[in-house]
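Taking the hints into account, I'd like the entire structure generated from these sequences.
This is what each chain is made of:
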Amino acid sequence: MIYRPLIRLTDRIRGLLAVSGVISLLSTSVIIVQMVWLSRIIHDVFMEDTARSDVHGLLLLLLGAILARALLTGCSQSINQRGAIRIKSELRDRLFEHLLCTGPVTLKNERTGELTSTLTEGLEKIDAYYARYLPRAMHVMIAPLLIAVVVLTIDPLSGAILLCTGPLIPLFMWLIGSMAEKRTQKQWSALSRMSAYFLDVLQGLTTLKLFGAAAAREKDIRRISNRYRLTTMGVLKIAFLSGLVLELAASLSTAIVAVQIGVRLVEGHIPFQLGLFVLLLAPEFYLPFRQLGAEHHAALEGRAAADRVFAALEIPTPHAPAHAVAAPAPPFDITLRDVSLRYPGRESYALHNVTATIAHGRVTALVGHSGAGKSTLFHLLCRYLDPESGVIRAGETDLLDLDQTVWRRRLAVVAQFPALYRGTVMENLRMARPDATIEDLRDAAALAEAHDVIARLPDGYETMLGEQGWRLSGGERQRLALARAFLKDAPILLMDEPASNLDPESEEKIGRAFERLSRNRTVLVIAHRLRTIYRADHILVLEHGRLAEQGAHAELAKRNGAYAGLLRRAAR
Amino acid sequence: MMGSLYRFLKTHRAQVAASLAAAVCTILAGIGLMSSSGYLISWAALRPPILDLMLVIVAVRFFALSRAAVRYLERMVSHDLTFKWLLALRVELYRVLTPLMPGLLLRHRSGDVLGRMADDLDALQQLYLRVVAPVITAAIVSIITVAALHVFSPLLAWTTFVFLAINGILLPWHAARSARGIGHDQVVARADLQALLVEQLQGLGDLLTLGSEDRARRDVHAHNAQLGRLQARQATITGVQDGLTQLCAQLGMWTVLVLAIPMVAAGALDGIYLALLALGVLTSFEAVQHLGPAYQFHERTRTAATRIEALHNEPHPVPDPADPTTPAAHDMHFKGVALAYDAGDAVTDIHFSLPAGRRIAVVGPSGAGKSTLAHLLLRFRDPDKGEITFDGRPLSEYTQEEVLRHAAVVPQHTHVFNDTIRANLLLAAPHADERALWSALERAQLATFVGQLPEGLDTFIGEQGARLSGGERQRLAVARVFLKDAPLLVLDEPTAHLDEDTEGRVLDALLAHGANRSVLWITHRLLRLDRVHTILVMDRGRIVERGPHDKLIAADGHYARLLQLQNQVLSL
Chain A
97 MIYRPLIRLT
107 DRIRGLLAVS
117 GVISLLSTSV
127 IIVQMVWLSR
137 IIHDVFMEDT
147 ARSDVHGLLL
157 LLLGAILARA
167 LLTGCSQSIN
177 QRGAIRIKSE
187 LRDRLFEHLL
197 CTGPVTLKNE
207 RTGELTSTLT
217 EGLEKIDAYY
227 ARYLPRAMHV
237 MIAPLLIAVV
247 VLTIDPLSGA
257 ILLCTGPLIP
267 LFMWLIGSMA
277 EKRTQKQWSA
287 LSRMSAYFLD
297 VLQGLTTLKL
307 FGAAAAREKD
317 IRRISNRYRL
327 TTMGVLKIAF
337 LSGLVLELAA
347 SLSTAIVAVQ
357 IGVRLVEGHI
367 PFQLGLFVLL
377 LAPEFYLPFR
387 QLGAEHHAAL
397 EGRAAADRVF
407 AALEIPTPHA
417 PAHAVAAPAP
427 PFDITLRDVS
437 LRYPGRESYA
447 LHNVTATIAH
457 GRVTALVGHS
467 GAGKSTLFHL
477 LCRYLDPESG
487 VIRAGETDLL
497 DLDQTVWRRR
507 LAVVAQFPAL
517 YRGTVMENLR
527 MARPDATIED
537 LRDAAALAEA
547 HDVIARLPDG
557 YETMLGEQGW
567 RLSGGERQRL
577 ALARAFLKDA
587 PILLMDEPAS
597 NLDPESEEKI
607 GRAFERLSRN
617 RTVLVIAHRL
627 RTIYRADHIL
637 VLEHGRLAEQ
647 GAHAELAKRN
657 GAYAGLLRRA
667 AR
Chain B
8 MMGSLYRFLK
18 THRAQVAASL
28 AAAVCTILAG
38 IGLMSSSGYL
48 ISWAALRPPI
58 LDLMLVIVAV
68 RFFALSRAAV
78 RYLERMVSHD
88 LTFKWLLALR
98 VELYRVLTPL
108 MPGLLLRHRS
118 GDVLGRMADD
128 LDALQQLYLR
138 VVAPVITAAI
148 VSIITVAALH
158 VFSPLLAWTT
168 FVFLAINGIL
178 LPWHAARSAR
188 GIGHDQVVAR
198 ADLQALLVEQ
208 LQGLGDLLTL
218 GSEDRARRDV
228 HAHNAQLGRL
238 QARQATITGV
248 QDGLTQLCAQ
258 LGMWTVLVLA
268 IPMVAAGALD
278 GIYLALLALG
288 VLTSFEAVQH
298 LGPAYQFHER
308 TRTAATRIEA
318 LHNEPHPVPD
328 PADPTTPAAH
338 DMHFKGVALA
348 YDAGDAVTDI
358 HFSLPAGRRI
368 AVVGPSGAGK
378 STLAHLLLRF
388 RDPDKGEITF
398 DGRPLSEYTQ
408 EEVLRHAAVV
418 PQHTHVFNDT
428 IRANLLLAAP
438 HADERALWSA
448 LERAQLATFV
458 GQLPEGLDTF
468 IGEQGARLSG
478 GERQRLAVAR
488 VFLKDAPLLV
498 LDEPTAHLDE
508 DTEGRVLDAL
518 LAHGANRSVL
528 WITHRLLRLD
538 RVHTILVMDR
548 GRIVERGPHD
558 KLIAADGHYA
568 RLLQLQNQVL
578 SL
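Which chain is which? The protein sequence lines are A and B, in order. To convert a position in the first sequence, counted from 1, into the numbering used here, add 96. To convert a position in the second sequence, counted from 1, into the numbering used here, add 7.
Each hint should be verified, as a subset may be incorrect.
[Claimed, not checked] BS3-like, lysine-lysine: derived pairs with alpha carbons at most 27 Å apart: (1) A/Lys-333 to A/Lys-221; (2) B/Lys-342 to A/Lys-315; (3) A/Lys-333 to B/Lys-392; (4) A/Lys-204 to A/Lys-221; (5) B/Lys-91 to A/Lys-315; (6) B/Lys-558 to B/Lys-342; (7) B/Lys-17 to A/Lys-315; (8) B/Lys-17 to B/Lys-91; (9) B/Lys-392 to B/Lys-342; (10) B/Lys-17 to A/Lys-333.
Don't read these hints as lab results, they were simulated from the structure. Computed from a predicted structure; not experimentally measured.
Right under this line is the structure:
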């Protein structure tokens, strides 16, 4: 199974593959020479009644061949694996780079869990393709051919047998394979479904206990497992046929070679040494086919994994300009003109013809029901998404003409659920400004009302955070994120206020820190707090992706529109 | 683990015997094919009448045909056994886990404990196929080979034995020793890489806006390279192992030849057997060839086995009482209860009463320990300090099963099974009729949704309810509660994922359902709280305030502040 997209990648390891091919050629030659000497020794001792001393030299030569063969085997394994490692790590870096460009919004739709498993286990499965399948596929094209040519020149009849039966093996395997492959594949996925079923039961065990159904489910596990076993065995019956054919072809052909040599020997048509030599080579002729057959599943898996990797590389990325222009220097307003956007596969607009201005140095609040398009607008400004139509400008510059990284340098973003990474508090804060001194960090923490959060941690600024580290509550995380925003000191602040569920202390402190951070910055905040909304200079009210209303609180409250409706609901 | 495997194999004696016999015959047929072929042409070289050769020719053909057939048989039987073994493993794990849940999960703060267990089983299922069967087969074939060689010469027999032993025992042991640590390091490196990727992809937004792409790239590249280095080292070891394995087999053949030649010269051995011996000895190494991988695989499954075995020794979080009873009434009292545990929020000094038919709400910020009260009440965990009584007796005098029989629960994280909506509902009431199901759906505000599905109640809802939204899953859990007629109703944030209108209606239905039942209702949203008898306000593990809604408002304390805070937030 030569899979083109995977073969294309071998450009990077052409040298290693060439070495692997040379080793293949060398080891086959060594095998041939070894068998010449081995048959010679047996011939001399058996037919010529030669004493041991006469074959002494030959035995030493044979030993040399054996050592050389072992050395070549060892080297080829190591070299093949190295090639696989190189391809794998390059692919991994490339895929990660691609995902970085893709941005968080698109990735969210692609299911991070699946992507990480593609990046880790998926790529490890490709390993088997390059480390084992491909070298063996190459070997199958070299070794049998060389052996067949040698046999053909010295004993055309045996050579003809090898040449006729050799191609039969791939042919039969292909026939059976194409017959069984679909069903086998389906069955492998059924097997993983069975595992998924069991995991589902384990995860639901508490629920089962809540309803007193735990004992009954054991019977289901038995019943379903047995059903899967029976259908799987039904498929394996066919899938194993390819192994049967391979084995049968190899052993029967060896037997045919042996018998016809035997018959010709009796008739004196062939010398013993030559006959023995051909017999010794026959299994070596079929061995590469058998080795390749054993890796069939690795090839299938590698191919499936490769499909996932290449699909991930196809995830579209936001527009990157060919010639980026310089980012505008503040002061500038951010203006949206007729901005529309639909998510892939959706009919309805997430944003529809939105025209608005986020004025320099002012606080603009974004309000609306969930699903009204607040986050979409937020993400457009982060350049995670591009508008489908319409244009967003920073001053006079179209955002699309700016390099994403350059634009993002102008932004400080505080997400609703800020991410913390493996590392100390200090390292997490320094992500915003790598050269910050400890005083800078302390100042920022104080401004963000995060100082007491850090002081409460067991090792203060040295406390490890992240998945395996210390856990912080939502409010505490957001205060650290605010500290990062102070450190970054960017002219534009984008903030997504926590919707609910903060303790009163965090609530109060985040409010104060946000007000401090807003000073002298252009601010767009997805607002949930009435206090934030009342104090905003300008309010954008989104409804079903459209800008329903905009203005200051006092002005909007007077109208009996969407904004007033939102406030009424809150007051209930 | 070996204990359970032994018991399993004993109960499937006949099938095990068949699979081992077939495996042994496969290798013996290979040895037979090559040695009889060698013998055939040696004899033929002496040019006897062709009829004399007939028997050997038949033997050659027999071995050739039978090898493929027994091989096929062996694969079928051993795979069938493997599936049965997996079922046995699953049932055993299920039985062990049942009494441990959910206490076990409550002890682990992070990580997919259950997923890892399922993976462990997937590894352990291969224990027979890849470890036990190859080892036994190798032993039997070796014995037969050595016994057969004994007929020709004890010296040759024991020489071969030594090489077989080196190949089958010493080399795998050496490989395992030199690879010790690397296997483990690889697992760690992979897990590290995976954790890093999960963290970075999930926190991609902050990573991009903080401008830390370079740091992320460097981290991924470094982890990637580290994994590559470990794999390259592993490949070198495997390469050396492959080379040595091959060398050992060939060297065995060579040594037998060196020893046999003087015997032939001295007339102690007929030269006609020389080819037979060389080929037979060489092919016999097929028996021990797979022991290296078997050894490695065994090493790898060891961790999995240890983890699963540890579960057997896991103390039951809530041991069953020696003399279990049944409650007549359903009054519950918490007296000075305290509990601190890994995965939940600790509580201390909890006093309260839940008399039969009363409704209590527990409110407070997240992390206050609200859910812990529910866990204690349901006897998911026993308190560290203090006492909980149920109908006047300590809760620990009832089995967990008994306690749960009296409770209907909407858990915070509900599990819906990858099955139909109907099956998920019937879990709560196996004999409920169509009308009861629809009525429950109606009250859970889910009837319209299910009614619109083309397959209605028989719609499959996907893995972990993937085809349902969070709110729909939650309402399914609520519908289950309506179907289970129990005197205690425990609601842990039953409406957290619902929009405001639906939330109100579902709460009304739940409170109506709880009219004549005891209700413990945990919520962070302060809604409909005038409908309960008592509100417990929790903060940092303690009850800081208690009383009915009106009284708490009048007291102008913690509750009043929480309420005020909530009214400052647009809940959208």
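Results of checking the hints against the structure:
Restraint check: the Cα-Cα separation between A/Lys-333 and A/Lys-221 comes to about 25 Å, which is no more than 27 Å; the hinted pair holds. Using a Cα cut-off of 27 Å, the hinted pair B/Lys-342 and A/Lys-315 is violated, with the two alpha carbons roughly 41 Å apart. A threshold of 27 Å between alpha carbons decides the hint, and for A/Lys-333 with B/Lys-392 the separation of about 60 Å lies outside it, so the pair is violated. With a C-alpha separation of about 24 Å, the suggested pairing of A/Lys-204 with A/Lys-221 holds against the 27 Å cut-off.
Of the supplied pair hints, the one linking B/Lys-91 and A/Lys-315 holds, its CA atoms being roughly 15 Å apart against a limit of 27 Å. At most 27 Å may separate the alpha-carbon atoms for a hinted pair to count; B/Lys-558 and B/Lys-342 meet this at roughly 23 Å. Only pairs whose Cα atoms come within 27 Å are accepted, and B/Lys-17 paired with A/Lys-315 is accepted, the gap being roughly 22 Å. Proposed proximity of B/Lys-17 and B/Lys-91 is supported: the alpha carbons are some 13 Å apart, at most 27 Å.
Of the pairs offered as hints, the one joining B/Lys-392 and B/Lys-342 holds, with about 9 Å between alpha carbons and a cut-off of 27 Å not exceeded. About 25 Å separates the Cα atoms of B/Lys-17 and A/Lys-333, which keeps this hinted pair within 27 Å; it holds.
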